[in-house]
Amino acid sequence: MIKTWQRFKASYLLFSFKQDKTAIFSFVVLLALLVTGLLAPVFSPYDPYDPANIDIMNSELPPAWMEEGEKAFMLGTDIQGRDLLSTMIYGLRLSILIGCGAVILQGVLGVVVGLLAGYLGGKIDAVLMRVADIQLSFPYLMVAIFISAIFQVAFGIGQYEDLAVPLLIVIIGLSEWPVYARTVRASVMGEKNKEYVEAARVIGLNRWRIMFRHVLPNTMTSVLVISTIQVANAIMSEAALSFLGLGMPVTKPSLGSLIRSGFEYIFSGSWWITLFPGVFLVLLVMVINLLGDWLRDVLNPKLYKG
Amino acid sequence: MQHLLEVNDLEVKFGLRFGDLTAINGISFSLDKSERMGLVGESGAGKSVTGFAIINLISKPGFISGGRVMFNGRDLTALSDEAMRDIRGNHISMIFQDPMMTLNPVLTIGTQMVETLLAHRSITRTEAKSIALEKLKKVQIPSPEKRLAQYPHEFSGGMRQRIVIAIALLTDPEIVIADEPTTALDVVSQVTEKIAVMYAGKIVESGPTDQVVNDPKHPYTQGLIKALPGSLQPGAKLNQIPGMMPTLTDIPPGCAFNPRCPLSDTICRQQEPPFIIINGATRRVACHMAKPDPSNGTT
Amino acid sequence: MFAFVVRRITQAIFVMLIISLVGFSIKNEIGDPVRDMVGERVTPAEREALRDKLGLNDPFVTQYLRFAKNAVQGDLGLSFFHKKPALAVIAAKAPATLELVFGAALIIIFISLPVGIFSAIYPQSAFSRFTMAFSTLGVSVPVFLTAIVLIYIFSVELNWLPSYGRGETVNLWGWHSGFFTVDGILHLILPSFALASIMLPLFIRLIRSEMMEVLETEYIKFAWAKGLRRKRIWFVHAFKNTLLPVITVFGVQIGIMFAFTILTETVFQWQGMGFMFLEAVERSDISLLVAYLMVVGAIFVVVNTVVDIIYGLVNPTIRIAGR
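Chains as they are written, first to last, in numbering that gives the first Met the number 0: chain U, 0 to 305; chain C, 0 to 298; chain H, 0 to 322.
No lab work stands behind these hints: they were computed from the structure. Because the structure is a prediction, the values reported are computed rather than measured. Heads up, a few of these hints could be off.
[Stated by the list, open to error] When the alpha-carbon atoms are kept at most 30 Å apart in a straight line, the in silico DSS-like pairs for lysine-lysine are as follows:
#1 C:K32 / H:K220
#2 C:K193 / C:K290
#3 C:K128 / H:K220
#4 H:K68 / C:K145
This is chain U alone, in the form it adopts within the complex (with noise of 0.2 Å):
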């Protein structure tokens, strides 16, 4: 633990990190992003859930410097009563929640299926990347819009809200899978003719544990790049899917539902029911972004090798 700890102060991306500012500052920001949304209950004011807290004489008020906001509600309430800020705390919550789980599940998929396409080879290749460039080569938020259509139909609308979180982890992951699968079989068919593996087929090892246990672990620099910038789209995935009425409910809101129900209030000049989630979700996507790229920049096989 300690010599990890020591490998990590003296190695290349812990100093390059320190080089970059726009880096530092998206990582702190993403940090308090984090925290605030994992520890929701702590943070906000409110908790939004409770119908105790819900007061429908409170909605629409403005954010608390507005002439008719009032302290209570910093940044004004929605159209229900609720204290906008818990909710878009708890929203973000969700988002966080739905993005990471949704990413797990494709890449734990992914790379499965990568890693027995780039190291098997022959028909099991043939025919699992087939399938991969046929998704591919539709937009994936088209498929995921399809799948959640299909599944809400499926379901039946009040069933799909109970289950909307489970589904829609399930829904992004098996959008972007693919992106995956093509990554880790690029690069396994780069590892798999090197003298190590060719090593540890020598000795008898059998291919699985080749496969797991040797050339696994040298394609995870390209799995944790693609992983940051998938975490981004399956947040983005997830508030698109809301925004249209396919993800989570508002009585449950995530970021995306949030505005879509401040949406219709615009016009009457509530703009902070819409804003607020907006920047919120804008946020966190472009630091997760920007980490990404700094991410790819430093750890870029290509250029890190030279």
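Assemble chains C and H onto chain U, guided by the hints.
Leaving out everything else, chains C and H in the frame of chain U:
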């Protein structure tokens, strides 16, 4: 008498984050009309950079940091972009090292030839085409009319090389700079009248080709000539100069060649050798160990 | 070249078969054509008789073949809600979506080309730096948020542009176009910009990086050494080489824009295919959903195939390889 081309104390640097690197360190030479000069040295010595410096076309972050390039009495390093454009490809052409990379893959050979003429002459497209045909015939491309409409990838490497040469000759330039990938000292010695030997961004020896080749004064030149396979019995080992040319980041103090030099002495590690003139100003050598001509002395 | 085209078209047909299989499975699993035809108030016996008559009790393969055969002939079933052939419903909505995509594509071309080329030629200029920073922000803003912000600024606050609908359209041989009336154009502006916003940063970056890479090549350096004028070097030598990868990506991204039309159309109440699709979801109109899947799938396959073939035609290296 005015030379056609006179390079004086030319210096090229590359601006990098940690400071400037000197790629060409004060070289001088001259060229007269219909004279052929060869610039030799290992790769990385600065031959190509010198060629690009003459037509003021050094890729960033490189730049000409000193000296002059006089062509027909004009200093090319000080010309406006438009005036320099009119010299490039018109009065001074350059043949690039790699014929496979030199031609634009998405334009036909004809387009790439005609545009060169149209950029410098007020002639019609048809006239330009007939000049292009004539030059293609000159470099012995078979059925040139058909070939004009073809793309570079439809030609072999050797043919592309000849097309690049034909492009360089289109405008009948006063000077053609041929950048060759190999040192090819034996070839250079056969076709040139003058020779200059470069090492680590400097000219270390220059003079009439036959004199330099038959009686090299600089240990580096001697090493290059010994390394020629032609001077050996069949089956004998090649005489490589030991060691490597230093990279621009760590050029040793004193004479840049001293770590590889069989004659290296204390002075070689401390002082840069000045040019010594031998044989009445036609030959120069920059070596502490070379003996000056009794009649001249050092410059 | 001919072999290349044939191979590419075979692939496209294969993908269409897969899509139709997926579409049919959905219809088979969760659709209920009997309800679609006669509603809920029918006795089980009558239902069963109708199922037999419709061939719904036939083996899967038989049913699929029938479905595929009908699909090829343009029969994608009846829309439960509209009581019309699903394809006719989609065809009526298609012009709105196509015009939206077309408008966005125009905006993308006319903004990203000059901006991308400029920032490749002068990468250090203040404008280029600003563009790059802005595009980082741009990729992180979801299209529906851009749309809402546009509406808030230009419709709610400034009251310059309409915020929803297509405005006045002209009927051209059954194609309802908003391109020929001032009102139609005004209605098109905000949705097109919103839709374009999702692709603009990507294209500016793509064109810039491709062009910068090309400008570093030996053949561009040789073009300078030939004494060509800078405009010719930039716009003929460099640009033509930049265009090849850009065309490919553009084709694919036009397809991706179809996905984003669903979001854009929702915000602007734009009566196109995306809007129709969401209505179909709300009404559980399975036939229409499956028909939409097939049509959009076909659009993607055709666009991808055409882009590949065009790429093959423009790029002489591929042309020789495919011969």
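How the hints compare with the structure:
1. For the given pair, C:K32 sits about 26 Å from H:K220 by alpha-carbon distance, which is consistent with the 30 Å threshold.
2. A threshold of 30 Å between alpha carbons decides the hint, and for C:K193 with C:K290 the separation of about 21 Å falls inside it, so the pair holds.
3. Proximity of C:K128 to H:K220 is assessed by CA-CA distance (about 23 Å); at most 30 Å being required, the pair is judged to hold.
4. Only pairs whose Cα atoms come within 30 Å are accepted, and H:K68 paired with C:K145 is rejected, the gap being roughly 50 Å.
In summary, the structure is inconsistent with hint 4 from the numbered list given earlier, while agreeing with all the others.
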